[in-house]
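*Asks:* Residue numbers (the working numbering), protein chains in the order written: chain G, 262 to 505; chain V, 262 to 505.
Keep in mind the hints are simulated off the structure, nothing from the lab.
These numbers come from a predicted model, not from an experiment.
Among the clues, some could well be false.
When chains are identical, the list treats them as one kind, so a pair holds in a single copy or across two.
As the list claims (entries may be wrong) - The calculated DSS-like cross-link candidates involving lysine-lysine, where the alpha carbons are at most 25 Å apart (straight line), are:
#1 Lys278 x Lys442
#2 Lys400 x Lys269
#3 Lys265 x Lys337
#4 Lys292 x Lys331
#5 Lys337 x Lys400
#6 Lys278 x Lys332
2 protein chains.
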Amino acid sequence: MISKSEIKYITALHQKKYRQQHQLFIAEGPKLIADLMASGWVPAYYFTTEDRAEGVPESVFQQVSASELKKISALKTPHTALAAFRIPKYRVQNDASLTVVLDSIRDPGNLGTIIRLCDWFGVHQLVCSVDTVDCYNPKVVQATMGSLARIPIIYTDVASFIETIDLPVYGAFMDGETVYKSQLPDRAVLVMGNEANGISEQLSSLVSHRISIPQYGANQETESLNVATATAILLSEFRRTTER
Amino acid sequence: MISKSEIKYITALHQKKYRQQHQLFIAEGPKLIADLMASGWVPAYYFTTEDRAEGVPESVFQQVSASELKKISALKTPHTALAAFRIPKYRVQNDASLTVVLDSIRDPGNLGTIIRLCDWFGVHQLVCSVDTVDCYNPKVVQATMGSLARIPIIYTDVASFIETIDLPVYGAFMDGETVYKSQLPDRAVLVMGNEANGISEQLSSLVSHRISIPQYGANQETESLNVATATAILLSEFRRTTER
Chain G
262 MISKSEIKYI
272 TALHQKKYRQ
282 QHQLFIAEGP
292 KLIADLMASG
302 WVPAYYFTTE
312 DRAEGVPESV
322 FQQVSASELK
332 KISALKTPHT
342 ALAAFRIPKY
352 RVQNDASLTV
362 VLDSIRDPGN
372 LGTIIRLCDW
382 FGVHQLVCSV
392 DTVDCYNPKV
402 VQATMGSLAR
412 IPIIYTDVAS
422 FIETIDLPVY
432 GAFMDGETVY
442 KSQLPDRAVL
452 VMGNEANGIS
462 EQLSSLVSHR
472 ISIPQYGANQ
482 ETESLNVATA
492 TAILLSEFRR
502 TTER
Chain V
262 MISKSEIKYI
272 TALHQKKYRQ
282 QHQLFIAEGP
292 KLIADLMASG
302 WVPAYYFTTE
312 DRAEGVPESV
322 FQQVSASELK
332 KISALKTPHT
342 ALAAFRIPKY
352 RVQNDASLTV
362 VLDSIRDPGN
372 LGTIIRLCDW
382 FGVHQLVCSV
392 DTVDCYNPKV
402 VQATMGSLAR
412 IPIIYTDVAS
422 FIETIDLPVY
432 GAFMDGETVY
442 KSQLPDRAVL
452 VMGNEANGIS
462 EQLSSLVSHR
472 ISIPQYGANQ
482 ETESLNVATA
492 TAILLSEFRR
502 TTER
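Could you build the full structure based on these sequences and the hints that come with them?
*Replies:* Here's what the structure looks like:
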């Protein structure tokens with residue numbers, strides 16, 4: 262049985278304001294929760310319609326009905342479990358070998374995909390502008406499939422960050438040099454810009470290498486690539502060229 | 262003023278059954294509609310809250326109120342225009358130089374992204390298994406950003422298609438050869454599998470070259486890449502290696 266005040270407390274975490282106030286976020290589904298726990302994260306709350314799974318501390322475990330779970334879930338079709346975790350505190354690293362910087366990414370699906378890509382390609386940290394969508398937004402958390410706990414994500418003034426580091430700064434632009442012909446270094450910063458407007462003017466001036474993904478075929482009207490697919494291709498290029 | 266029977270007719274197109282029956286699909290937003298028209302597609306119906314845009318045939322043009330548009334829209338927040346277009350009839354080409362085959366892709370967002378990628382990288386045709394999500398589904402149409410009209414998409418028995426063509430068949434597998442080390446040809450078929458299960462057993466046996474995108478970093482628990490981001494990287498590799 263879950264109390265009314267608990268329902269209110271947990272559902273408030275659907276909103277950024279309360280996530281920041283309580284320094285907690287929610288993750289749904291036994292697989293995702295288990296993945297986060299496998300990275301050493303410990304749930305502060307754990308609600309499930311099932312029995313207590315291995316590793317779930319008894320002190321936070323609460324068995325609930327499906328209708329109770331529905332009340333606290335951010336999903337249209339809730340899973341069988343919902344947990345709340347503490348928001349981790351990371352500090353930006355100036356000596357990371359590969360950093361991705363996001364400038365004002367707004368779509369939760371894009372951010373979730375980029376977090377998974379950073380995890381796949383062994384990016385050391387993800388530094389986000391403060392107006393980038395919150396990575397603890399329920400939609401982002403669900404889209405990361407557990408990668409959320411495997412890469413440090415820091416929200417900060419990205420211009421100041423870039424100014425303090427002593428590494429080449431690559432940025433994705435429509436008119437940049439073909440990435441296939443660029444000599445990519447094994448230590449770098451890669452900046453990806455907003456879905457509609459690309460990299461802001463302020464940040465553009467801090468980019469030392471403008472790169473782009475060439476377009477093939479005769480269809481010049483084609484929209485630019487989506488930021489998540491562009492990030493996939495550029496990270497693949499960084500890894501391909503520096504690992505061989 | 263839009264009639265009740267028109268409202269019923271257009272909203273029915275939100276469903277695959279009626280799209281197939283009437284051989285029509287809907288596209289929303291002046292930009293997307295203009296993009297499809299720029300590819301030579303002619304609207305069969307055109308509803309807008311604004312004045313008639315250049316190129317819109319007077320015979321199909323209907324000015325409507327915002328509330329009328331809302332009744333026929335498939336979007337939560339409708340744009341200012343909605344058009345219905347005829348579903349084009351393409352025939353599968355056995356001599357296309359680069360074909361992407363989709364085996365049971367279920368997510369509309371993934372299909373929309375893959376269509377945009379095929380357009381960007383100049384893929385000649387997209388051949389989809391009959392259980393792949395319908396590319397004229399409103400969510401897919403909106404996600405393609407006009408690329409829908411720039412690449413032939415055919416739904417067919419993909420196994421039969423692959424059996425009839427005389428080209429190397431590449432398929433994305435978790436345990437395939439590193440794509441960075443593969444000698445990719447400039448004429449080929451690339452098969453991408455279902456989000457959860459990958460390429461089906463039947464199709465697997467028809468794949469001549471199993472390729473994969475290597476994972477970096479120590480995080481062995483990482484989920485496989487999303488099918489749309491994997492397609493982005495593999496198409497980039499096909500173009501990079503065959504164009505230089």
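*Asks:* Decide, hint by hint, whether the structure agrees.
*Replies:* Each hint tested on the structure:
| no. | hint | in the structure |
| --- | --- | --- |
| 1 | Lys278 x Lys442 | neither (45 Å within a copy, 48 Å between copies) |
| 2 | Lys400 x Lys269 | within (19 Å within a copy, 33 Å between copies) |
| 3 | Lys265 x Lys337 | within (20 Å within a copy, 31 Å between copies) |
| 4 | Lys292 x Lys331 | within (18 Å within a copy, 39 Å between copies) |
| 5 | Lys337 x Lys400 | both (11 Å within a copy, 18 Å between copies) |
| 6 | Lys278 x Lys332 | within (19 Å within a copy, 35 Å between copies) |
Violated hint: 1 only; the structure is consistent with all others.
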